[in-house]
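Enquirer: Okay, here's what each chain looks like letter by letter:
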Amino acid sequence: MIPVVAWRNIWRNKLRSIILLFSIALGLWAGIFAISISNGLNHQRLTNIIDNQLSHIQFHHPEFRENNEVDKTIDNSESIVASIRKDPNVKGISNRTIVSGMIQSARSTKPVMVKGVKPSDEANVTALNTFMTDGNYLEDESKSKIKPILLGKALAEDLGVGVKKRVVVKFINADNEVVQELFKVKGIYQTNDSRNDVLSVYVPQNELNNLLSGEAISHELAVYLKDDSNIDAITDNWAEQFPGVKVESWKQLFPGLEYANTVSERANMLLLGIIMLALSFGIINTMLMSVLERVKEFGMLMAVGMNKTKVFSMIMLETVMLMLTALPVGLFLAWLTVSILSKTGIDFSDYAEGFNNVGVEAVVYPLLSYDYYPKIILLVIFAAIISAIYPAVKAIRHNPAEAIRKL
Amino acid sequence: MKPIIEISGLEKIYNPTKVAVHALRGIDLTINEGEFSAIVGPSGSGKSTLLNLIGGLDSPSAGKIKIDGTDISNLSENELIEFRLRKIGFVFQAYNLIPVLTAKENVEFIMLLQNSSKQAREERAMNLLKAVGLHAEVDRRPVEMSGGQQQRVAVARALASKPAFVLADEPTANLDSASAENLLDIMEQLNRDEKITFLFSTHDARVVKRARRVVTLEDGLISTDISNAK
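Protein chains in written order, with this note's numbering: chain G, 65 to 471; chain H, -11 to 218.
The shape of chain G in the complex, shown without the other chains (with noise of 0.2 angstroms):
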């Protein structure tokens, strides 16, 4: 019957009680959707870094990437490009030849990272194919005199150049050589990251392998995973499998970007750890309203044989069904909005540039993983029983014979 005294006691103040309610409500959805769009961008942000640039797994030299240097190529790439394509857990994989030189147009000169690819292969591990603004993407036979190159539209227009236009590319080959080449380009692309579009160009790789060494040489083998919920395993199994070369997964490629993940987690329970101490205050002071305007009824209780416990443990329940009844509803407006934006997206196209700055898209695809409800279940309840000692206090603290007697 304790139970039932105190979710009727709930209801003895509705408006106050369904204000409070509301209040935890929208302060647990308020919470959530900030959560989901952070964990969105914060998802864009690896997608698009591993679709667009990274791919899930990378062979190297073991020391090419310290200094990428020309010479510390990948030994037998082709025999490991044919193993890893009958891999059925594979969808793409591209080789690359990879230098570092200069790009010169008639305006300005910049530095670039020249990345010699199969554009077919290519197409299937970044998708850099879909991201042509102007121009066309590269051939897997080029019939064209003078060699193509694809360039970002950021570095195109530092560069002060369009498609067909020339530019010159210096380099270093593998005699340690200035190599200067004239090259037309031939398309225009723009990802999700202005950052890579103004370092990366790309290039046919057998024309590249025949400017640095006339070798069909690789430095980079980027694979693209069907699924990658198994990429530590993969990458420990082929790690096994090439013992020459070093294979990385994304998360050992960049550490930072695993690091970014769990720090946004954390601050994301942060954040609706703050939300929940803010809505305790409000809900100590109501609890505490509504102890005082039963002092005598607390009395009576304590007189009549009701234990301090009991007492005490009836406040708590109160405190606690109030935010449980809450909790469904702010779950609730939650997962609906989450469920609707994360399928239409929230269009921040005004601030498109500033967003593609970090490397996400304008449109925000909020996300909550179903990990985040248990422990917002238990954030609520932790918060509720936190919220409810002071006001259950305060309502023992009572001498029977005098609170009998209180107005």
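Keep in mind that the hints were calculated from the coordinates and are not lab data. The model shown is predicted, which means the values in this text are computed figures rather than measured ones. Keep in mind that the hints are not guaranteed to be accurate.
[Unchecked claim] Distance ranges between label pairs, derived from CB positions:
id, chain 1, residue 1, chain 2, residue 2, range
1, H, Gln177, G, Gly346, 46 to 56 angstroms
2, H, Ser64, G, Gly337, 38 to 48 angstroms
3, G, Val393, H, Val131, 27 to 37 angstroms
4, H, Ser47, G, Tyr434, 40 to 50 angstroms
5, G, Val393, H, Pro(-9), 53 to 63 angstroms
6, G, Gly346, H, Arg180, 47 to 57 angstroms
[To be verified] With a straight-line cut-off of 30 angstroms between C-alpha atoms, the simulated DSS-like cross-links for lysine-lysine are:
id, chain 1, residue 1, chain 2, residue 2
7, G, Lys372, H, Lys54
8, H, Lys75, H, Lys52
9, H, Lys106, G, Lys360
[Stated by the list, open to error] Covered stretches of chain H, as calculated for chain G (at least 3 residues, CB under 8 angstroms):
id, stretch
10, 42 to 50
11, 70 to 84
12, 92 to 100
Glycine is no exception: its CB is placed at the ideal position from the N, C-alpha and C atoms.
Following the hints, position chain H against chain G.
Expert: Same frame as chain G, now just chain H:
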């Protein structure tokens, strides 16, 4: 007659370390089983203090209080709560029912604290509400009842725990004449038929008129103790 309340040399001093107020200055009193007694006296005479001490709601500065053979003067707070639950029925001036419970639930609540079974609770609550003439109002909440009806529920609640005696603090103070007379009729009948001991603290002449023993307090001492067998 078996003594239910035995008080000897009872003293109560408030603020003993500052400005001491002697509320009770040495009370000796015995209330026997089946009595229908009233404690009367002007404001400040020590009536409420005596009632609080008898009800185990406060502890004496000196002296002893035995209820149904148990000395409650030295019981701990938790032991006192348990003792009150088992041995004392309370009826308060302002009814003090739980507003969110129905009449039947209010009566059952005390038995719930005693861990009685659901069936036993329901049966006894119905019987008691019938005894106080409220069998038709069992599902009404206090706000839906008159003051007289609420006080009758309070009497039923006080009897629910099968106490050694019922302590009624100004039970008729908030009632109109008809309701007060009706309530007193019920209490008298319970006293007569069930041998339930009632001890009133009152200013009300109607209660004094019905009481078979009237103890008058003045300045913390018993000034008169008059029994009139009826």
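Enquirer: Determine for every hint whether it applies to the structure shown.
Expert: Tested hints:
Between Gln177 (chain H) and Gly346 (chain G) the Cβ separation comes to about 52 angstroms, which falls inside the hinted range of 46 to 56 angstroms. The beta-carbon spacing between Ser64 (chain H) and Gly337 (chain G), approximately 40 angstroms, falls within the hinted interval of 38 to 48 angstroms. Separation of Val393 (chain G) from Val131 (chain H) is about 28 angstroms and conforms to the stated range, judged on CB atoms against 27 to 37 angstroms. A C-beta distance of roughly 57 angstroms is found between Ser47 (chain H) and Tyr434 (chain G), which places it outside the suggested range of 40 to 50 angstroms.
Look at Val393 (chain G) against Pro(-9) (chain H): about 60 angstroms separates their beta carbons, and that is inside 53 to 63 angstroms. Taking 47 to 57 angstroms as the suggested C-beta distance range, the pair Gly346 (chain G) and Arg180 (chain H) conforms, at roughly 55 angstroms. For the given pair, Lys372 (chain G) sits about 24 angstroms from Lys54 (chain H) by alpha-carbon distance, which is consistent with the 30 angstroms threshold. Only pairs whose Cα atoms come within 30 angstroms are accepted, and Lys75 (chain H) paired with Lys52 (chain H) is accepted, the gap being roughly 17 angstroms.
A distance of roughly 28 angstroms separates the Cα atoms of Lys106 (chain H) and Lys360 (chain G); the hinted pair therefore holds under the 30 angstroms criterion. Look at the stretch 42 to 50 of chain H against chain G: 3 of its residues bring a Cβ nearer than 8 angstroms to a Cβ of that chain, three or more, so the hint holds. Coverage of a stretch by a chain is defined here by at least three residues with a beta carbon nearer than 8 angstroms to that chain's beta carbons; for the stretch 70 to 84 of chain H and chain G the count is 8, and the condition holds. Residue count for the stretch 92 to 100 of chain H with a Cβ under 8 angstroms from a Cβ of chain G: 5. That meets the three needed, and the coverage hint holds.
Hint check: a violation occurs at hint 4 only; the rest are consistent with the structure.
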